[in-house]
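Here the protein sequences line up with chains B and D, keeping their order.
With the first letter of the first sequence counted as 1, position 86 gets the number 86 in the working numbering; the numbers rise by one all the way through.
The number in the working numbering is simply the position in the second sequence, starting from 1, with 1000 added.
These are calculated hints, taken from the structure and not from any lab test.
Treat the numbers as computed from the prediction; the structure is a model and nothing was measured.
Please note that a few of the clues may not be correct.
Partial list, derived from the structure: chain B residues whose beta carbon lies under 10 Å from chain D [said to hold, decoys possible]:
| hint | residue |
| --- | --- |
| 1 | Arg24 |
| 2 | Leu32 |
| 3 | Tyr76 |
| 4 | Glu137 |
| 5 | Lys147 |
| 6 | Val275 |
| 7 | Ile285 |
| 8 | Ala287 |
| 9 | Val288 |
| 10 | Tyr296 |
So these bits of chain B aren't anywhere near chain D, every CB distance computed over 12 Å [to be verified]:
| hint | residue |
| --- | --- |
| 11 | Phe44 |
| 12 | Leu89 |
| 13 | Ala98 |
| 14 | Arg111 |
| 15 | Asp133 |
| 16 | Tyr165 |
| 17 | Thr194 |
| 18 | Arg262 |
| 19 | Thr294 |
In this text, a Cβ means the ideal position worked out from N, Cα and C, and glycines have one as well.
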Amino acid sequence: MTALAEKPPVTPTRPALRHRLAERGIDRTLLLLVPGLVFIVVLFLYPFLYGLGLSFTPDQGGGPFANYQKFFQDPYLRNTLWTTFELGLPAALINVAASVPMAFKLRRPFRGKRTLTTLLVVPITLGTVLTADGLLEFLAPSGWLNKTLLAWHIVDQPIELVHNYWGVLFSLIITGFPFAFLLTMSYLSGIDPTLESAASTLGAGWWERFRFITLPLLAPGLAITFCLSFVLAFSVFPSAILVGDPSGETRVISIAAYHAAREQFDYSMGSTIAVIMTVSMLIVIAAVLLWRGTLYKGATGGKG
Amino acid sequence: MSTTLVKPPSTAPPSEGAAPKPRRRIAGSPGSWLVWTMVAFFFVMLAGVIFSVVVTSVSTQWFGTWLPEGFTTRWYGSAWREFGLSSVLGTTAQVAIIVVVVSVLIGLPASYVLARRTFPGKKLVMLLFLLPILIPPIAYGIPLATVLYKFQLGGTLTGVILANLVPSVPFVVLTMTPFIEQIDQKIESAARMCGASTVAVFFRILGPLLVPGILAASILVLVRTVGMFELTFLTAGPDSQTLVTVLYNAVLGAGIRAPQQVDAMAVVYTGSMLLLLVIALRFVNPTQLVTRLKDEATSS
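With the rest of the complex left out, here is chain D (with noise of 0.2 Å):
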């Protein structure tokens, strides 16, 4: 309002140079300072949370005071032997392997469909494959746990499996397909025209091309299964645990055991989370951890 009151003096033409930098400074302070404060809220929150229980988890008591007494490690053994945690982080590694390969080897010949081939019902089989990701996992997670224990599945390995892989074949086939759109389709053509059978195509010439996106969606759907709480929590049985769903069960039993002990587990998971993030960022780009997001806006 003050601007459209002084600007009439300095007449009409607004291509005076200067004077739209003094203003963006002026404006852009408050802007910065209040973007920054929002930056270190969120951080000084996020410290706060991971230390914590890192600091808990190496404590022998704490009691109201600034830090604890004094520092242990021998949380750490006995959270490993009373959790069972070794046979758990098999059970979590296994778990997530096979939801990786099974996801791939299911979404990859589906997402080079809907990639190369416009058919009729595409957007209906293209709906059928955002369902899964748009609809909470408690809501078909509990039809489908339903399911799975009707069919003698429920609290197995392979039904923690099989509800594992409901949101990650979907996963798959939405971060492939626009990965696959972006290879040249004439390279496929040309093997066709030298020859090559369509085994031979895929192989030797998609393969190739495609490793770097298999890698980076694998990463993606491992992060997500090892992380994945629900699905898990509503099918598994005693033996078929994973380390999210062990670590829930003590936070939520807190009395029964040392604190020190659920955190030193939960710096366990902590350790095992940010080692796949790691790995996963040599592959893959932060943003790309939400563009299949973007992908879908953009089909829809």
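Next up, chain B with everything else stripped away, as it sits in the complex (with noise of 0.2 Å):
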């Protein structure tokens, strides 16, 4: 009796603690998770943390701060960043800025646009390595696009295309462009067509249907759609080397990285130019998607 008398006043006012974290959705269930988050701990997390506290270990020894200093006093390694940037905006850029009039114009369905799309997708499946190997031969100058211009006297001598700046422009834009078209297409798709034809029978002109109706609600896309092919191309590494100057006008960030880290075995500072080059590429991602905040995103025209 005395015993059952103790216990009720405790059980309601303190449920279990398993109760208690059930309702803010803790349980057993949440084990599954553990596996990935191990994974991602182990295999990502921790590296990335060694990989930063070893940039501020520097061999040559000079304080913490000594291997940033040394990148950004060393023109020939600091020049580095603006050269991945002088080619990764103006590609992310073109990318873009093709792909948008590009999905406006196909995205009603017409015949052999499953194909086209099918084709758009051969240059992401064979990747840089090998389209820097076809660049190498087409655009050579003996190779076929040279020989055309030439037969077609639109020059006088075969123009230099690879080996250059231009060969890994041209290589960012076969591999990133698709990329971009596809992903502005299905944002593009999302946006309902009645709008447009609302604004058309309010006698709105293409323009201004595209500019005060479409573009709007496009814009978040887009800045996602820049935000990852300036991903993709702030990355550049195998065709830097293959059809660019590694040495020289394409010595990209990432090449200076594994130079230093894999060439030099300097792995303190292959580490400080990973974080630099981490840390630059979040700038850019943070500043477009701040700017893609100020944006209206609201119903992109509901799901119909």
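Please assemble the complex out of the two chains, which come individually in their own frames, going by the hints.
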């Protein structure tokens, strides 16, 4: 009798810990998340933090920031960052700018649309190494492109397109454009076409419809497309070596990082450059996403 | 500007019906021309890139003419022997298949939780799964390779597999989460009411429904892993080279070997990638290759 009287006041005020946690969404199902989290922590987070720590302990000594100082003082290293931006920003801008009118024209179903999208996936599948190999032959002074231009008397002598800036830009466009296009296309298909019809009924021309109806609805998607195209272009590595001029004009930051870590075996400097690369990329993405935050992101025409 | 000047005489109501039509036709045609020129330009470049490689690989000699002097297939045999392609292809297949299986095994339970539950810190977990896809492979590959070499895993097949898993597991999580979200939760609840245990729900209810999604995710991971250059390049040793790194080394040392031989291997690579692509397209819609990014966009 006394034992029964003691218990009741405890249970209603404080339910078991398991129940309280379950109310907040924590129960045994969450254990399914453990393998994935352990994996990411061990193979991604730990190496990354290890590299971050390594970058503050220079091989040559001289204080924790010695490597960072060296990177920004040595013009040969510092310039790799600008070289990467000079390649990555135009490539991402061209890819996004070209995919908007194309996605706009090709969004309606027409014969051969599936073939076209399939063909566009081919360069994504082939990857940068094969594209670089093909470009080396196609754009070479004796390649088909220069031959055609010479035969049509568009140029007097072969134009130099490989082993310089242009070769790398071409390779970034060939591998990056289909990606930007397919992404833009999927964003565009989420916009209700009746909105444009309504604008058209009210007398808006194609430019007004594009400028005041479609573009504002598409802009948040374009910001994401730009970010991802930029990430792809920013991490350019094999094509900058193969079709570029890896010791001069197209010495991008990933080449510098690879060179330091795996050819000079200065892991500390290699990690420093990798950290600088990550941070500068995240700065650009954060800037674009901040700008995206100011845009209208309401219902993009519903799911109709 | 001119349209606004022309309009006033025809008075305010723009409901003449015929007015928008001719305007669209006039404005539309230069736009279409521009678009189709861009499409044509892109595909001419693409065809040029691919056919340059293919034609070189079957040529006897090709110096400065439109087409090579003669055609032969002997470069394929010599490339196969000299690059040891049978063992390279074996390694590539081994790496790719193990990566696919492991990443599905690890990623699927995690994406189930992310699709069905809300819990404190979910945003942080999502961010953690997003980062390996957002950060350039070289940037995390260099510290990762350093750590792998520290534990004597660098240069081994295990190291290559571990490195390739890093972007693959998040990829499976990000493609499977929306797929699981669209499966009606009532089906699971019904099974539970009928007395099914968690294991039974997972294997007998969810499993069959998830097969298409798992297939799509696996094929995308397969294509990405076979084509993944940076991580394999940073971690592979002499015995663990995959097709793409062998091709890179061959192109880089182009002076050492005949270009036809290098291109013969490039054609083997292209062929295997296109084969994978054909298989992939039987299961996946092309736009699905990139929709994972759309999901990221909506979730953030």
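Each hint tested on the structure:
| no. | hint | result |
| --- | --- | --- |
| 1 | Arg24 | holds (6 Å) |
| 2 | Leu32 | holds (4 Å) |
| 3 | Tyr76 | violated (18 Å) |
| 4 | Glu137 | holds (4 Å) |
| 5 | Lys147 | holds (6 Å) |
| 6 | Val275 | holds (8 Å) |
| 7 | Ile285 | holds (7 Å) |
| 8 | Ala287 | violated (15 Å) |
| 9 | Val288 | violated (12 Å) |
| 10 | Tyr296 | violated (15 Å) |
| 11 | Phe44 | violated (5 Å) |
| 12 | Leu89 | holds (15 Å) |
| 13 | Ala98 | violated (6 Å) |
| 14 | Arg111 | holds (14 Å) |
| 15 | Asp133 | violated (5 Å) |
| 16 | Tyr165 | holds (17 Å) |
| 17 | Thr194 | holds (16 Å) |
| 18 | Arg262 | violated (7 Å) |
| 19 | Thr294 | holds (16 Å) |
Hints 3, 8, 9, 10, 11, 13, 15 and 18, counting from the list given before, are not met by this structure.
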